[in-house]
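Peer 1: Below, each chain spelled out in residue letters.
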Amino acid sequence: GENVEQHPSTLSVQEGDSAVIKCTYSDSASNYFPWYKQELGKRPQLIIDIRSNVGEKKDQRIAVTLNKTAKHFSLHITETQPEDSAVYFCAAVRDDKIIFGKGTRLHILP
Amino acid sequence: GAVVSQHPSWVICKSGTSVKIECRSLDFQATTMFWYRQFPKQSLMLMATSNEGSKATYEQGVEKDKFLINHASLTLSTLTVTSAHPEDSSFYICSASFAADTQYFGPGTRLTVL
Numbered sequence: 022g023e024n025v026e027q028h029p030s031t032l033s034v035q036e037g038d039s040a041v042i043k044c045t046y047s048d049s050a051s052n053y054f055p056w057y058k059q060e061l062g063k064r065p066q067l068i069i070d071i072r073s074n075v076g077e078k079k080d081q082r083i084a085v086t087l088n089k090t091a092k093h094f095s096l097h098i099t100e101t102q103p104e105d106s107a108v109y110f111c112a113a114v115r116d117d118k119i120i121f122g123k124g125t126r127l128h129i130l131p
Numbered sequence: 010g011a012v013v014s015q016h017p018s019w020v021i022c023k024s025g026t027s028v029k030i031e032c033r034s035l036d037f038q039a040t041t042m043f044w045y046r047q048f049p050k051q052s053l054m055l056m057a058t059s060n061e062g063s064k065a066t067y068e069q070g071v072e073k074d075k076f077l078i079n080h081a082s083l084t085l086s087t088l089t090v091t092s093a094h095p096e097d098s099s100f101y102i103c104s105a106s107f108a109a110d111t112q113y114f115g116p117g118t119r120l121t122v123l
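So the protein lines, in turn, are chains A and B. For the first sequence, the positions run 22 to 131 when the numbering used here is used. For the second sequence, the positions run 10 to 123 when the numbering used here is used.
Derived from the structure by calculation, the hints contain no laboratory data. Honestly, I wouldn't trust all of these hints.
[Claimed, not checked] The calculated lysine to any residue pairs, modelled on SDA-like cross-linking and capped at a C-alpha distance of 25 angstroms, are:
id, chain 1, residue 1, chain 2, residue 2
1, B, Lys50, A, Leu130
2, B, Lys29, B, His94
3, A, Lys123, B, Glu68
4, A, Lys43, B, Gln47
[To be verified] Partner residues are not named here, just some residues of chain A that face chain B (Cβ under 10 angstroms, in silico):
id, residue
5, Pro65
6, Asp70
7, Phe110
8, Ile120
9, Phe121
[To be verified] Label-pair ranges, simulated between beta-carbon atoms:
id, chain 1, residue 1, chain 2, residue 2, range
10, A, Gly37, B, Lys29, 41 to 49 angstroms
11, A, Glu36, B, Asp74, 45 to 53 angstroms
12, B, Cys22, A, Gly62, 15 to 23 angstroms
13, A, Lys63, B, Thr66, 23 to 31 angstroms
14, A, Glu26, B, Gln69, 17 to 25 angstroms
15, A, Ser73, B, Glu72, 32 to 40 angstroms
16, B, Glu96, A, Gln81, 40 to 48 angstroms
17, B, Phe48, A, His128, 16 to 24 angstroms
18, A, Arg82, B, Asp74, 42 to 50 angstroms
19, A, Pro103, B, Leu85, 34 to 42 angstroms
20, A, Gly62, B, Glu31, 12 to 20 angstroms
21, A, Asn88, B, Met54, 25 to 33 angstroms
22, A, Lys63, B, Leu85, 18 to 26 angstroms
Treat the numbers as computed from the prediction; the structure is a model and nothing was measured. Every residue, glycine too, gets a C-beta built ideally from N, C-alpha and C.
Just chain B, same shape as in the assembly (with noise of 0.2 angstroms):
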């Protein structure tokens, strides 16, 4: 049980495209999603937390207008790279939390930006 999934699992596109990531708990509902970047060789990095229905926290640092999260449901949350650039190449993990503490993370989404 506690399944996230990740679509899609690695992308490339071109400079100052639009890329949307999709979270999905496969097997409960989520009353928190995270989403968390990832740069080679280092650690993961909380850039924002969404609870179904409202408006996702973003930490510090984190350009809300650069990256919108929506999170329509109790199972899907999406994070939307607008206007991409070769610095936002990274790897994007989600969380799944439907209980104190504990995440269920899912499989991750590299993305590429040329």
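The following block holds chain A by itself, in its conformation from the complex (with noise of 0.2 angstroms):
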């Protein structure tokens, strides 16, 4: 089965700088590529997502990169905010099922 690795587990950044999580997966069928925030006791929300027919997505402060080869996928938050503190998870998709990282805690240093 699909087998998501996440790193790091834990990123500590200073506000205003830039934040980068990498994943990679194993099963060369997932074709899609979702990221999740979830703060502590509440639900996981989707900020941003990729299929495997695109290499690169952005929106605003946050993008996503995608290398189906490689299979490496990696999210890139620039001009972090305190309010981008949270634990941040991958994950791969194939025929419905989501398989998730372990996580990032992600800290917004002042």
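Each of the two chains sits in its own frame; use the hints to bring them together as a complex.
Peer 2: Below you can see the structure in the form of structure tokens.
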């Protein structure tokens, strides 16, 4: 089955700097890669996604890149703000089944 | 649009009792609903997938006789944790889907078993 690895598990960045979270997946049949932000005790919120026929997607301060050949995908957050502090999960989807990475706890330092 | 609710939002029960959690899609008909479990500081783990009117498909390692799933309509799925024990204490989250890939998550139910 699909296996999604996510790094780092914890990331601290200065407010205003950029944050990068990286994931790899194992199943080449996975074709959809959403990223979720989860605040403590709340539901995961979809923040951006990318499909396997696209290499890059951007939405304001958030961008995602996908390298299908290497089975890598990454989340980039620029100009980080205090409200970006949360746990971020990457995921790979095949046949409607979401497999989540283990999560990255992002701390934005003042 | 695409709102999913869960009830209750939290529940505390005694060991050995059963607990039912409801998941509802409020403004759409969900062809598929999913149940996840999330332990503290861990990721979401898929427990089972259910389609309206058919038996749920459980992930490996999830006991179907312990976690009973009923998907009676296109807007309601229920998860019953039978004979709950402290190790079942967790955050249970459902999601609902009506289109390929996209899942809409419920707010979660925090279960504490004493």
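Peer 1: All the hints need checking, so say for each whether the structure fits it.
Peer 2: Results for each hint:
no. : hint                                   : verdict
1   : Lys50/B - Leu130/A                     : holds, 20 angstroms
2   : Lys29/B - His94/B                      : holds, 14 angstroms
3   : Lys123/A - Glu68/B                     : holds, 18 angstroms
4   : Lys43/A - Gln47/B                      : holds, 21 angstroms
5   : Pro65                                  : holds, 5 angstroms
6   : Asp70                                  : holds, 8 angstroms
7   : Phe110                                 : holds, 6 angstroms
8   : Ile120                                 : holds, 7 angstroms
9   : Phe121                                 : holds, 5 angstroms
10  : Gly37/A - Lys29/B: 41 to 49 angstroms  : holds, 47 angstroms
11  : Glu36/A - Asp74/B: 45 to 53 angstroms  : holds, 50 angstroms
12  : Cys22/B - Gly62/A: 15 to 23 angstroms  : holds, 19 angstroms
13  : Lys63/A - Thr66/B: 23 to 31 angstroms  : holds, 27 angstroms
14  : Glu26/A - Gln69/B: 17 to 25 angstroms  : holds, 19 angstroms
15  : Ser73/A - Glu72/B: 32 to 40 angstroms  : holds, 34 angstroms
16  : Glu96/B - Gln81/A: 40 to 48 angstroms  : holds, 42 angstroms
17  : Phe48/B - His128/A: 16 to 24 angstroms : holds, 21 angstroms
18  : Arg82/A - Asp74/B: 42 to 50 angstroms  : holds, 47 angstroms
19  : Pro103/A - Leu85/B: 34 to 42 angstroms : holds, 38 angstroms
20  : Gly62/A - Glu31/B: 12 to 20 angstroms  : holds, 19 angstroms
21  : Asn88/A - Met54/B: 25 to 33 angstroms  : holds, 26 angstroms
22  : Lys63/A - Leu85/B: 18 to 26 angstroms  : holds, 22 angstroms
The structure shown violates none of the earlier numbered hints.
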